Every structure is written in C-alpha cells, then in structure tokens.
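Trainee: Sequence:
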Amino acid sequence: MSEQTNISYKQAGVDTEKGQEFVQNIKERVASTFSQNVIGGLGGFAACYDVSFLKDYKTPILLSGTDGVGTKLEIARLLDKHDTIGIDLVAMCANDILVNGGKSLFFQDYIACGKLNVARMEKIVSGIVDGCLMADCSLVGGETAEHPGVMEADEYDLAGFVVGVVEKDKLIDGRNIQVGDKIIGLKSSGPHSNGFSLLRKLLMPNGKLPSGELLDFITRDVFVPTRIYVKPILKLIETEEIKGMVHITGGGFYENIPRVLPKGLGAEILSAQIPRSTVFERLKEDFHLEKKDLFSTFNMGVGFILVVSDANLSQTIAKLNSLGETAFPLGTVNASGRIDIL
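If you count by the working numbering, then the sequence shown holds residues 28 to 369, one letter each, in order.
Be careful, since some hints might not be right.
Claimed, not checked - Subject to a maximum C-alpha distance of 30 Å in a straight line, what follows is the list of computed DSSO-like cross-link-like pairs (lysine-lysine):
(1) K142 / K214
(2) K346 / K214
(3) K85 / K108
Said to hold, decoys possible - So the derived label-pair ranges between C-beta atoms look like this:
(4) T266 / E240: 21 to 31 Å
(5) H174 / Y76: 26 to 36 Å
(6) H315 / R247: 21 to 31 Å
(7) K262 / S298: 43 to 53 Å
(8) T98 / P356: 28 to 38 Å
(9) S238 / E312: 38 to 48 Å
Hint data in this document are derived by calculation from the structure and do not stem from the laboratory. What you are looking at is a predicted structure, and each value in this text was computed from that prediction instead of being measured. Note that CB positions come from ideal geometry on N, CA and C, so glycine has one too.
Produce the entire structure from the sequences given, and follow the hints as far as they go.
Mentor: Next comes the structure, spelled out in structure tokens:
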C-alpha cells in the first residue's frame, strides 16, 4: 500500500467554498420568482411550499414533470452562451404538464459540471429564473455538483423538475377527442430543445463551430430559447373547451400526437399550413432530408398543438392570436390510426 498523503477535497477537484459563493450570489435573483406560498429561502436541505391554497380546489390533481435540454448544451458550450439555456430547461418541463391543463407551482434544477465556474453558473441560473417568471412558477431550490474526472472542466449537464396542479374535472387528457375534431398549431421559436444531435451533425460535421454566415445562422436562428406557452394557454382554457394538447418534443409529430389520441384514431396534418420557418426551410433546401425524417425529429415550426371541436376552431384560433400566439389550423382527427403528414 502506498504511503498516505494529505490531500484536500479542493485539491481533488471540488471547491465547496466556491459553491457557497455561487449560492449567495444567486439568492436574490432566485427570490424574484417566489410566490406567497414559498416558505423560507434558498439553501435549506429541502424546499418548503405551502399548499393550503389547494382547499380552494374541489379535487386538486398534482402533476409533475422532469426533463433536460439534451445536446443543445454542446452548442451553448461552444458559443460560450449560457444565459438562455435555463429558459429551455423550464420550458421543457412546464410545457409538458401544461398539456394536461396544469399550472406550474414550483421548479427545481440539478446542474452537474466538471469544474464550478461561478460566473457561468450564475448565467445558467439567471436563465432558469427568466423561464420560471415566464411560466409563473417559483424556483424553490436546486443542486449544483462538481464531477471532476467524470466531466471535462467546461462541461455541464442540466435537469429540471416541476410540480403543478389542475382541478380534476378540468384535466385535459384527450379522452373526448373524436373523428372530425380539428387540430390547431402554435408557432415555435425554432428547434426548441430537440433534434440537436442531428443539427450538430449537419451544421457542425467536424464537431466545431463554423465561421461566417453559417455561424450567424446557428446563433440567430438555431440557438433560440424554447417558447413557453404557459400563460396564454392557461388564459385560453378559462373560456374555451380544449379536448387535448400536445407538446411537440423529441420524436416530433409521429411520436407525440398519438400520445393524446384515443385508441384507433389518427390525424391528417397539412404541412402547408405551417408558417415559414427559416431553420427548417434551410434544412430542407441544403440537406434534402426526407419529410418523414424531418417530422419525426423536429417540431418543424410547431411547438404546441391543441385539439378542439370543429365548431370551436375559429374562435379558439382568434383567442390564441389575441393572446400573442401565432395560431393556425393544422389538420383533422380521423379514424386512420396513423399520423399522415401531407
């Protein structure tokens, strides 16, 4: 056995003092998301949230969701741009429970990194704060862990966790969807947080950022925060009957739309109805990808979908547009049992 040497945790690669500095630096910013239900502040072993308001619900249903942002993180690292990736993290979680009509209550994050860079972590958390404000939920805590020897010094990974609530008789789950119902699309801000492994393969074949116009394209059009649909959708469902909703994430149209349809039903999607998207037009023109591959990988300019009765189509679209969304008729539910992209 070799002679024992004195070595500290810091020398092993974990700087707990820097971690404490990071927590102190973000406390005030995080507190800006707190609702009156948050008890205590940041830094405890557990987050406390007062749920006595649930007495105002007849039958409250709690919803939870967790997600990350995938390999979009690699572009953030290469661009050294970290102030919006937190918006993506919140969006991927809050948009998911929104599908059931859920209001996000509180959010937590987990950040693993090779070496703690306080300035960079503050930017990441600042983005998470921005996302929570957009989703109208409280950032009640999180965990930041250094993993020296497991991750490179400038690498990090993110995971998010959200808890929300919906009244049981207002739960939206697609069970009443029937043949003839109409599908409404909401415009996305870009690729959101899906398909980036393919995007990087196409746009950065050597694993490095390009230069010139292509770099501008990636920065301006590809690396755009995921749109958070929470506030307009929650406002919409106060007055409009929505039968089902879909968050278009990994797996695109072919995997996500069937998740809300009753067994045996399918949908006909009219791709010509989707507003032009710079990103996806370029992918089609420059790389000649098959339609099936495009619509099974990307959102193709549609970040969120709603299903309504034919009679409610026009008024729902008008309401969504008045709430600041770009809404459009996208297709029809049928009895085919499959998703057809026309």
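Trainee: For K142 and K214, compute the direct alpha-carbon distance and say whether it is at most 30 Å.
Mentor: Roughly 38 Å separates the two Cα atoms, so the pair is violated.
Trainee: Holds or violated: are the alpha carbons of K85 and K108 at most 30 Å from each other?
Mentor: Judged against 30 Å, a Cα distance of about 45 Å means the pair is violated.
Trainee: Please check whether H174 and Y76 have a Cβ separation lying inside 26 to 36 Å.
Mentor: holds (29 Å)
Trainee: 38 to 48 Å was suggested as the range; check whether the CB atoms of S238 and E312 agree with it.
Mentor: At 21 Å between Cβs, range violated.
Trainee: Is the hinted range of 43 to 53 Å satisfied by the C-beta distance from K262 to S298?
Mentor: violated (28 Å)
Trainee: So the hint says 21 to 31 Å: do the beta-carbon atoms of T266 and E240 match that?
Mentor: violated (45 Å)
Trainee: Does the hinted range 28 to 38 Å hold for T98 and P356 at CB?
Mentor: holds (33 Å)
Trainee: Given the proposed pairing of K346 with K214, does the C-alpha separation stay at or below 30 Å?
Mentor: Judged against 30 Å, a Cα distance of about 15 Å means the pair holds.
Trainee: Holds or violated: the 21 to 31 Å window for the beta-carbon distance between H315 and R247?
Mentor: Between H315 and R247, where Cβ atoms are some 23 Å apart, the hint holds.
Taken one by one, the earlier hints fail for this structure at numbers 1, 3, 4, 7 and 9, listed in ascending order.
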